[in-house]
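*Asks:* Spelled out from the first residue to the last, the chains are:
Number of protein chains: 4
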Amino acid sequence: MGMIGGGKDAFIGAVHRLALNMDGQIELVAGALSINPEVAVESGRSLFLDESRIYTDYKIMLEKEAAMPVEEKLDFVSIVTPNFVHFEPAMMALEKGFHVVIEKPITFSLEQAKQLKAKVEETGLDLLLCHTYTGYPMVKQAKQLLQSGVLGKIRKVYVEYPQGWLSTFLEGTGQAQASWRTDPKRSGKAGSMGDIGTHAFNLAEYVTGLQVVKICADLNTIVEGRMLDDDGAVLLNFNNGASGVLMATQIAAGEENNVKIRVYCEKGGIEWKQEDANTLLVKWLDKPAEIYRAGTGYLDSFASHNCRTPAGHPEGYLEAFANLYRNFALTLKAKISGEHPKEEWLDFPSAKEGVRGMAFIENVVKSGQSDYKWISFEV
Amino acid sequence: MGMIGGGKDAFIGAVHRLALNMDGQIELVAGALSINPEVAVESGRSLFLDESRIYTDYKIMLEKEAAMPVEEKLDFVSIVTPNFVHFEPAMMALEKGFHVVIEKPITFSLEQAKQLKAKVEETGLDLLLCHTYTGYPMVKQAKQLLQSGVLGKIRKVYVEYPQGWLSTFLEGTGQAQASWRTDPKRSGKAGSMGDIGTHAFNLAEYVTGLQVVKICADLNTIVEGRMLDDDGAVLLNFNNGASGVLMATQIAAGEENNVKIRVYCEKGGIEWKQEDANTLLVKWLDKPAEIYRAGTGYLDSFASHNCRTPAGHPEGYLEAFANLYRNFALTLKAKISGEHPKEEWLDFPSAKEGVRGMAFIENVVKSGQSDYKWISFEV
Amino acid sequence: MGMIGGGKDAFIGAVHRLALNMDGQIELVAGALSINPEVAVESGRSLFLDESRIYTDYKIMLEKEAAMPVEEKLDFVSIVTPNFVHFEPAMMALEKGFHVVIEKPITFSLEQAKQLKAKVEETGLDLLLCHTYTGYPMVKQAKQLLQSGVLGKIRKVYVEYPQGWLSTFLEGTGQAQASWRTDPKRSGKAGSMGDIGTHAFNLAEYVTGLQVVKICADLNTIVEGRMLDDDGAVLLNFNNGASGVLMATQIAAGEENNVKIRVYCEKGGIEWKQEDANTLLVKWLDKPAEIYRAGTGYLDSFASHNCRTPAGHPEGYLEAFANLYRNFALTLKAKISGEHPKEEWLDFPSAKEGVRGMAFIENVVKSGQSDYKWISFEV
Amino acid sequence: MGMIGGGKDAFIGAVHRLALNMDGQIELVAGALSINPEVAVESGRSLFLDESRIYTDYKIMLEKEAAMPVEEKLDFVSIVTPNFVHFEPAMMALEKGFHVVIEKPITFSLEQAKQLKAKVEETGLDLLLCHTYTGYPMVKQAKQLLQSGVLGKIRKVYVEYPQGWLSTFLEGTGQAQASWRTDPKRSGKAGSMGDIGTHAFNLAEYVTGLQVVKICADLNTIVEGRMLDDDGAVLLNFNNGASGVLMATQIAAGEENNVKIRVYCEKGGIEWKQEDANTLLVKWLDKPAEIYRAGTGYLDSFASHNCRTPAGHPEGYLEAFANLYRNFALTLKAKISGEHPKEEWLDFPSAKEGVRGMAFIENVVKSGQSDYKWISFEV
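Residue numbers (our numbering), protein chains in the order written: chain S, 111 to 489; chain V, 111 to 489; chain Y, 111 to 489; chain A, 111 to 489.
Simulated from the structure, these hints should not be mistaken for lab results.
These numbers come from a predicted model, not from an experiment.
There may be inaccurate statements among the hints.
It does not matter which identical chain is meant; a pair holds if it fits inside one copy or across any two.
Capping the alpha-carbon separation at 30 Å, the derived lysine-lysine pairs in DSSO-like fashion look like this [what the hints assert, rightly or not]: (1) K377 <-> K227; (2) K377 <-> K299; (3) K370 <-> K324; (4) K118 <-> K452; (5) K383 <-> K263; (6) K174 <-> K397; (7) K229 <-> K383; (8) K397 <-> K452; (9) K299 <-> K174; (10) K299 <-> K263; (11) K462 <-> K295; (12) K370 <-> K206; (13) K324 <-> K445; (14) K263 <-> K174; (15) K263 <-> K462; (16) K324 <-> K299; (17) K445 <-> K370; (18) K295 <-> K377; (19) K476 <-> K397.
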């Protein structure tokens, strides 16, 4: 595979490489790793790429690689650039016949997301959208338990993503991550809601299997001088009548990345948080709560397929990320071999989730500006 | 002291007695423990009351006790009846010269609460409103830390009170607690928001020292047939510009009483939850979080005054409740002796908090019915 | 009831009063609260004792009270003096016909403990030995689960009591608690092993229902100048063939009182610790661990009898202590009424446990000095 | 690099590959992956090895690879076979000039370990011994804190490794992992003490920087029919006078792999456990405990060098394992380039730790059979 963006000092590109390397099934062989040609070359060399496949322009990479013999050319490309450079390379990659991996949020606007989704459907190619938290085995176990009906109908959803790293005017120091994420030209209409709110939103829809139909948002820009929201809370209504609360903030000083979801049903509920990622609490109305653990023998096939080590040897964020890549690769491989991918492999976020994520951003910004309480969640 | 309500099988009356007994400074000597005369008498006997001070009507009790010599008569009365029987006995007790302890919410309506507050001010007598969670030493430590300024300005408040015990139509079974709490004639305008939302609201205002000025509420009645809200979430705005989220639900199946508060400031934040009541987490932007513990030597005077046992010997709900009574009793005793009560003793909720709690109920119901997002918090 | 010892500034006497007051069933009416007559009088007054029943000598108290009419005189006495003043008042109290509550360890020597036990049996009176941790509802739940056989045969026991408060030479500062506990003339043959090792030992035998038959001890005196052990570990063998490890230390700097027990059986195990006293973890070989919680509806009668508040409202050390007193009082009351006490009420530690605790001290000291690995646990 | 052992269905070989792949700096290019030639070939193919470098005999692999040109041949080999097949391939690899990675325990006997250590020293080649737990960043942080002296002198060490997977006679079912680990011909003199006791022992010596000088062991074989110990506890004495307790068991039904260490010093202590691997608790005698977290900015260079993701994105067992490989690879690369490896890179377990681990096994078995309490820890 090849990578667009993710040169030296980029954060998420390095994470992608850690994740795709892990299982030894995917090899990075080409890259247009930076818009700065020097950085692109230097980064490619440090990753042991063949000189001929270190590119300084992703368009050239896609052109050249598309022209290669099938057994040599890239299977897919990963796009790990800032939000405003997602759409064009993704469209071009699909048009050139490459499957695509893309960071969230999928595009810069909802309109782009819809076009990209149409292109995916038109080409029949696969797209992986990196909502990492859905790669955790215990998140998958939660989804399976909720869908099994054993807990009854879903009534209430609390999902939260508290971070503290933007508690100061970090973008004023030139810090790279802070700079583009707080810049509407590069990040999009929303700040914290685009960056982490979309993760929380996706997690809620993934785990519950429900869709948000109405929202009421309170968005705030707490740190002086900041150009986008850095804090927000959203009241949710789901298509089965359940209600919920989504909280995402980047000014919760002292918080790291403890994304957490709780879902309550008629007979009990589930609770999962990234800080204790290998545990799923299952609570019951009238019997002791249960502690489901990754790597154990009693898990559902969707959860156990995504575990690598025995129970008690913790797997973390990189393994969750690697699960996205592994399931994507297993799916591609099966299709290439003319086989039908297993349900467990197909369980990765794609263009559909991308469109809903972009709709979340646009709706939440609209609601944040509205004097009315509820607005319909428009896609 | 004497008690109104709280006969056999009442829940909160028994809790009051456990709490007031604990420190051996308060003696229950009279009671009108039930409107059912038989229950009143039986309950009084089981509590070793003198036959002459077992009453079947609180009005008679207040009349007779008021006429007794000062060294014999009651110092104060505790009113532990359902919400709709708070106002009249409290007004009468104050008029008869008794200090008053009263369960929350203070009255049945905001209007009553204001009248009661006026009466307290007019008589110069003391009133203790039983917001138990403010009696925990680590809640007091949190308040002191936030007020000290060491964490910087408050920016965000999350407070939640999830319960699961009303997940089914329990009032349909005749269960006493469920029956009156879900009955608008006995409970008031709100269900879960009155019963536990007021606790969460009080906790937030107490710990932060701020006041809510705007709210946006989503109230739900989840269980079919129920007459009042059993679930809700409220977006908050505080008078210093901070925002917040309050969540209170009684249909979170599997949850007990894990009321929890998180407050984030410029430099760090605090986190406290009842499930781990003897611990206060203090988080910092750029150094390790700290675990403050009850009973240790490094606590503030407000926290340490409210600890009874050495660190690691857990104190719980009854001790927190007993702290309310102890501080109230210490205050009365000091005033009787003509001394000035210590600041630490005066730190108990009273009529002012009662009025704000009733205002919370009325505003939250109003907002829940409104199509507009924000309404002013009117008192 | 009356109290011997426990005057102003005493630690455990105050705890006893908090515990016995709580349920409003026991009244402190007499006391010989200090060997210092001034302290005795002042302490008695501050506790609202009648002047005629404030004594300056426990012998006089026992004499005078024994001569009173039955409806006036004490039902029982609580002995809360340092270890070396347990035996004589206890023997005299029994001889005078009083039931006895006594702090652990029961006496100064094993020989005394045996004599006291014989006296209890001879008189038919009741004795409560204050091993507080056995008063926690979830400890009782653990015992019941283990005895039910559902977990299979017990194989391994880990029990630990780490404290840090004697990490420095505190007795050198004159601190009262440290001074007598580290003084062999007042404390006995063992320091940490007598003070907290006996609690751990009792907890292990109580929860498992087993008896220790062989031990191998490593005792240490870590802090320079100290006269007794302040740290130790003991390998255990039980009468069913199970093995175990007991750890007790008072130099674990930073530790409070987190006494903890884990028991493993053929099919699963249990884990309880004081820091999270309202939770019992039940682990299983091949299914999710369960979280049993105090105050819930699914508990055993022994556990639920010892809960006062609904699940999630934490009960702590004082409630556990109050459970000892309450069960003792319920037992006495039943016997006085000619009724048979319930099994749940009789479940409190007594002279038998006192003898085993003293045997633990003597055996552990002997083993600590032995070059051989195992010694028989002699009683 | 090349691998010896670790074919299809092997547990630890797969873990090694996950770990060495992660950082994209190490490539598996050759393997003698099984003694079964068919499995060896099939496994090699599934790992995309070049046919010419799939070997069915490790001796042939080492011969052939040694004869290759330097730019093509292996840099190092990883030996992931059962214990009884460690020594010979390791010796041969060193003799042929390859650096060596080897699973713990390093050899089958102490004598072999010493010979291997001598060979490492003689050849000047590097050896990595896979004590994975020392690869966790927060374990490294603990070591640095203890060595900095800020906590004062070390006094007490508790280390434990409770597992439950051998609670039944699993080897009787033919389960591969259980079979060789409980077989003295393949595993060595000790069962649980060799398999996980050595990890606990290594962790204790690594974190404290101390050496065990005396031990007293209680070894048990709990499950009927088992040929080696499956449970044990060891009292420890360290070379600075500190004492300790090591507990390792494989019959703690319901336990996974929650290896845990606590170290207490004059002024405070540290606590780390694998279940919460990204957290290090630092406790203090007279101030709040601190929560050190992986990925934060305030960590020591040894800890931060071994973190890949921002704080709150959990890293786990595979990352810890990858840290061993990465530090080993960075060290080799530096040496190959004629540079001096950084201190942080050299911080991996090697032959010296291998010898001490084998000495632990031999001493603990000897002590287990002894009637005397203490034996010297002989190397």
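*Asks:* Compare the structure with each hint and give your call.
*Replies:* Consistency of the hints with the structure:
Neither within a single protomer nor between protomers do K377 and K227 lie at most 30 Å apart by alpha-carbon distance, with minima of 38 Å and 42 Å respectively. Taking identical chains as interchangeable, the C-alpha atoms of K377 and K299 lie at most 30 Å apart only when they sit on different chains, with a minimum of 27 Å there against 40 Å within one chain. In the homo-oligomer, the alpha carbons of K370 and K324 lie at most 30 Å apart both inside one protomer (21 Å) and across protomers (27 Å), since each shortest distance falls under that limit. For the homomeric pair K118 and K452, the shortest alpha-carbon distance between copies (21 Å) is at most 30 Å, but the shortest distance inside one copy (36 Å) is not.
Proximity of K383 to K263 under the C-alpha cut-off of 30 Å is found in both arrangements, the shortest distances being 22 Å within a copy and 28 Å between copies. In this homomeric assembly, K174 and K397 never come within 30 Å of each other (Cα to Cα): the closest approach is 62 Å inside a single copy and 49 Å across copies. Proximity of K229 and K383 under a CA criterion of 30 Å is satisfied in neither setting, with 35 Å inside one chain copy and 48 Å between copies. Taking the shortest Cα distances, K397 and K452 sit within 30 Å of each other only across copies (26 Å), while inside one copy they are farther apart (35 Å).
Taking identical chains as interchangeable, the C-alpha atoms of K299 and K174 are never at most 30 Å apart, the minima being 34 Å within one chain and 61 Å between chains. Taking the shortest Cα distances, K299 and K263 sit within 30 Å of each other only across copies (28 Å), while inside one copy they are farther apart (35 Å). Taking the closest pair of Cα atoms, K462 and K295 come within 30 Å of each other only inside a single copy of the chain (24 Å); across copies the shortest separation is 49 Å, beyond that limit. Neither within a single protomer nor between protomers do K370 and K206 lie at most 30 Å apart by alpha-carbon distance, with minima of 39 Å and 53 Å respectively.
With identical chains, the CA atoms of K324 and K445 are never at most 30 Å apart, being 38 Å at best within one copy and 56 Å at best between copies. Taking the shortest Cα distances, K263 and K174 never come within 30 Å of each other, neither inside one copy (52 Å) nor across copies (56 Å). For the identical chains of this complex, K263 and K462 are intra-copy neighbours only, at 24 Å inside a copy versus 41 Å across copies, given an alpha-carbon limit of 30 Å. In this homomeric assembly, K324 and K299 come within 30 Å of each other (Cα to Cα) both inside a single copy, at 19 Å, and across copies, at 26 Å.
For a Cα distance limit of 30 Å, the shortest separation of K445 from K370 qualifies neither inside one copy, at 34 Å, nor across copies, at 45 Å. Taking the shortest Cα distances, K295 and K377 sit within 30 Å of each other only across copies (29 Å), while inside one copy they are farther apart (47 Å). When the C-alpha separation of K476 and K397 is checked against a cutoff of 30 Å, the pair qualifies neither within a copy, at 43 Å, nor between copies, at 37 Å.
Hint compliance for this structure: hints 1, 6, 7, 9, 12, 13, 14, 17 and 19 are not met, and every other hint is.
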